[in-house]
Structures are given as structure tokens and as C-alpha cells.
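Chains as they are written, first to last, in our numbering: chain X, 1 to 117; chain F, 1 to 115.
Simulated from the structure, these hints should not be mistaken for lab results.
Keep in mind the model is a prediction, meaning the values are calculated, not measured.
Hints are not guaranteed to be accurate.
[Said to hold, decoys possible] Taking lysine-lysine and the DSSO-like style, the derived pairs with C-alpha atoms no more than 30 angstroms apart in a straight line are:
(1) F:K102 x X:K66
(2) X:K20 x F:K112
(3) F:K112 x X:K41
(4) F:K102 x X:K64
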Amino acid sequence: GAVVSQHPSWVICKSGTSVKIECRSLDFQATTMFWYRQFPKQSLMLMATSNEGSKATYEQGVEKDKFLINHASLTLSTLTVTSAHPEDSSFYICSARDASGSAGELFFGEGSRLTVL
Amino acid sequence: AQSVTQPDIHITVSEGASLELRCNYSYGATPYLFWYVQSPGQGLQLLLKYFSGDTLVQGIKGFEAEFKRSQSSFNLRKPSVHWSDAAEYFCAVGAFTGGGNKLTFGTGTQLKVEL
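Model the full assembly from the supplied sequences, consistent with the hints where possible.
In C-alpha cells:
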């Protein structure tokens, strides 16, 4: 199956710094990628839809100035957590849709665990 | 708006026993339904999906799920559980919007397998 890779898989940062997480589709082109956030022992909450070459669409309640999303190419989307605070600590997961593959199927990255001290 | 309910937060079964994980959904049209499995600290792996057609769907690792429109359910089953099946299982319903897939996830069911 198609592979989606996230980097870094694990990051610790100081409060007030910014952290960038990359999501790459390794063997397919993804015009649309999705960013999810997962709190411990909870479900995944969709944060935003990332569209190649255009602005991301954020879900209600998600601060777009805090969670910057860039989808510069058909294989790469980045999520930047700006001025991170401890409450931003979470597991962030991206997914991508293979436009040429089975309709509706999303492939998920391995996730990136962010810990803000 | 779509929603998914997984009534069981935790389930414990003995290895070799059968398994059924419940999922109920709410969606205004014909739903696209998915089951994903997540091991600790890992991303999600697709077990199976339902878009249309046969309501009994076969997936990977010996899992199957049955779509029951009258009950708004999409329960996941496995006839004989293996210890390696211990993980978190998520049911999701999808909406296709402008070429993208917006998935809404249930809260998950943690499966523990006793040897």
C-alpha cells in the first residue's frame, strides 16, 4: 500500500519555540492531506485540510495562526506549531489521499509526538 | 454533521475467542465507513472499508465488518483473536468534500487479549 511518512516522530521543545512537522507521501501524489491531533487515550480530531497550492481549511476552534499549514508540493505538507506551549503537547497525525488510488482511501503517517516543556 | 459512537471503551478477550467491536454512526446520506487499528505510539492502519455493495466486508488480518443500515451500525468481528491483535481500534465515517475525505472518528475501543 501507499506510504505516508512523518518527521520527526518525536520532538521535545521549550515553551515559546516553534516546531515544524513534515508529512510526506512517499510513493504517490497527494493533492489533499489532513492533519489530526490525538490526546492521550482519546480519538483523533481533525485540525485542518491541507490542499496543494492553496490555503488550508481549518476546523472550527483550531487557531490557524498557531497551527500553520503549508502544502507546497504534491508530496509534502508541513504543520508548524508556533509559539508552542505545554497544552500543545499531543500526538499529531497526518493522512493523505491517493488521488489515483481507491476512492476514499486515506493513508496515515506514523504520527509525531510533541512534548512542550 | 456526521458522528461515530463506539460504546465500548475497553474490551478484554481470551486468545482464540471471538471478537465483536461495536460501532454506530450518524450520517445524512450513504456513509463511507472505515475501521482502523492503532498500536501504541503508532499511526493508523486501515483494516477495512465499506463504500457500497456487499454489506459484509472482508479486511486484513482476518477481520470483517457488517454494514447494517437499519441499525446504523458497522461492527467489526474476528472469529479467533490473536495476542497480536491487542491495540486500539477506531471506527470512522467519511464525507467526501471537494475531492477530499473528511473522516470523523469514534473514541476508540482498547482491546486487551489475555493469553
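Checking one constraint from the list: CA of F:K102 to CA of X:K64, max 30 angstroms. Satisfied?
Holds - the C-alpha atoms of X:K64 and F:K102 are around 18 angstroms apart, at most 30 angstroms.
For F:K112 and X:K41, compute the direct alpha-carbon distance and say whether it is at most 30 angstroms.
Measuring from Cα to Cα gives roughly 14 angstroms; hence the hint holds.
Holds or violated: X:K20 to F:K112, with C-alpha atoms at most 30 angstroms apart
violated, 35 angstroms
Can the restraint linking F:K102 and X:K66 be considered satisfied, given a maximum Cα separation of 30 angstroms?
holds, 22 angstroms
Consistency note: the structure conflicts with earlier hint 2 alone.
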